[in-house]
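Q: Residues per chain, in single letters:
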Amino acid sequence: MTEITDALTRAHRDEWARVVATLAKRFGSLDTAEEAAAEAFATAAEHWPADGIPPNPGAWLTTTATRKAIDRIRRESTRDARHREAQLVYDIETEPLGAIGDDRLRLIFICCHPALAMDARIALTLRMVGGLSVPEIAHAFLVQETTMGARITRAKAKIAAAGIPYRVPLAEDLPARISGVLAVLFLIFNEGYLASGPDTAPVREDLTGEAIRFARLLHQLLPEDGEVTGMLALMVLTEARRTARVSSTGELVPLPEQDRGQWDAALIAEGHALVRQRLASGEVPGRYQLLAAVNAVHTDGDATDWTQVVALYEQLVRIDSSPIVRLNRAIAVGERDGLEAGLELIDDLEPELSGYHPYHAARADLLRRLGRAAASRDAYDAAIALAENSAEVAYLVRRRDEAVI
Amino acid sequence: MQYLVNVIDSRSNTGTAEEAVAIDAFNEKLVAGGHWVFAAGLADPTTSTVIDARGDAPVFTDGPFVEAKEWAAGLWIIEAPDLDVALTLMTEGSKACNRRLEIRPILPPPA
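Those protein sequence lines, which keep their order, are chains G and F.
First residue of the first sequence: 1, per this note's numbering; consecutive thereafter.
First residue of the second sequence: 1, per this note's numbering; consecutive thereafter.
What the hints contain is simulated information worked out from the structure, not anything from laboratory work.
Possibly wrong hints are sitting among the right ones.
Stated by the list, open to error - Cross-link-like lysine to aspartate or glutamate pairs, in silico, EDC-like; alpha carbons within 16 Å at most:
| # | chain 1 | residue 1 | chain 2 | residue 2 |
| --- | --- | --- | --- | --- |
| 1 | F | LYS95 | F | ASP44 |
| 2 | G | LYS68 | G | ASP103 |
| 3 | G | LYS158 | F | ASP82 |
| 4 | G | LYS158 | F | GLU102 |
Build out the structure end to end from the sequences listed, making use of the hints.
A: Encoded structure:
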């Protein structure tokens, strides 16, 4: 029985996106594809225990889902609907063959389409590509199931009504569209990595795990894309430190204090290899590749080489001069050139970042290490008031209370 | 399918000569590509009249049907196979008329 359960779990993880993608292409409707895929997996759960695991579970599921979809269309068909279905199938068949053939890539691009609201893109990606159920997604984002269900339904309705096409974008649009997909994956990862809300676990490994799975799939489909590789490297290097990042008492452990023995050596090796591969390409790195490189430096040897980190943030500031990037550069400069130098750069960002808790946390840390207890306490207070992650709040509170005036 | 493209504006009579030239060139491109269905500029919303003939006698009211800070200053109706093509085309249209645009699918005629 465990064998069957394992096979079902594995099939769901490995085949869900492929089944939905194949059906969406064939029937021209995400709705039909999603329902039929869900029915096929339910049928598998029913039949596999008695009939055994089919030799090719993916093919079995696709065939079963296709039959379910055809049944459903026949059942619900009016002349109008039949006409529409035929039209959609016809439209897809006339599409010129793109360079990138995998249906799952089309599925990812349609779920992350820029004409959809960001929260809809996230929900749709988790449902259609990830195979998470609506209650699971609702739970992950702390909203009511009915709200999440409505969000996904609305997104699917817009895709159908507005004519959002089920295909890989044109070559000239591809970089912008890939960057849109990466933004969705990064948001999912970050919601797991720095979960918000006082009653939420500080790290949601279900979400970080899901985001990494998407990044692996995207990397497999677009192996030459530097930013996709960079995103995967960034995620695995961050994930490698997950268990060391929160103490047994539920407090955030900053990087220099983490027990490096707890880091996941295999993920670090994978991340370093990906970063080296990008360096070897000789191409100018984008934002995610630079962030991955920063994380590679952090996880290399026994301590961070801050000179390299500063150099990488200098490069990043040239691509993206947002105050958050400048804050990270200032922190690195403080470690390289001395705390006063860092503090001076951080203070310059006050007008732009006064509502951003990492700004106050970074100031508080430097002020504390400079022995300016009173100012440090104030900065910790400001950071605590704005922080949302329970482990981070616990860490900041302890540091504040240690600052004796 | 067909899309209605509303030109969003917040002031009246703000079109410039340069914009008119750019819009003409853009329209020619739409025509050449087989995407052009219709295009027009609209007079200021204060010139509009609302008709309500749902009751016994028609009622005419001066002014726009909703007071808004922004309104449609013009429109296109374009033909495009899908939203991606429409978005690519009208990105150029937004540049040409120097305004934000709203793209809405036109419902297909009943079968």
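Q: Hint by hint, say whether it matches the structure.
A: Structure-based check of all given hints:
1. LYS95(F) / ASP44(F): violated (22 Å)
2. LYS68(G) / ASP103(G): violated (20 Å)
3. LYS158(G) / ASP82(F): holds (12 Å)
4. LYS158(G) / GLU102(F): Measuring from Cα to Cα gives roughly 15 Å; hence the hint holds.
Hints 1 and 2, counting from the list given before, are not met by this structure.
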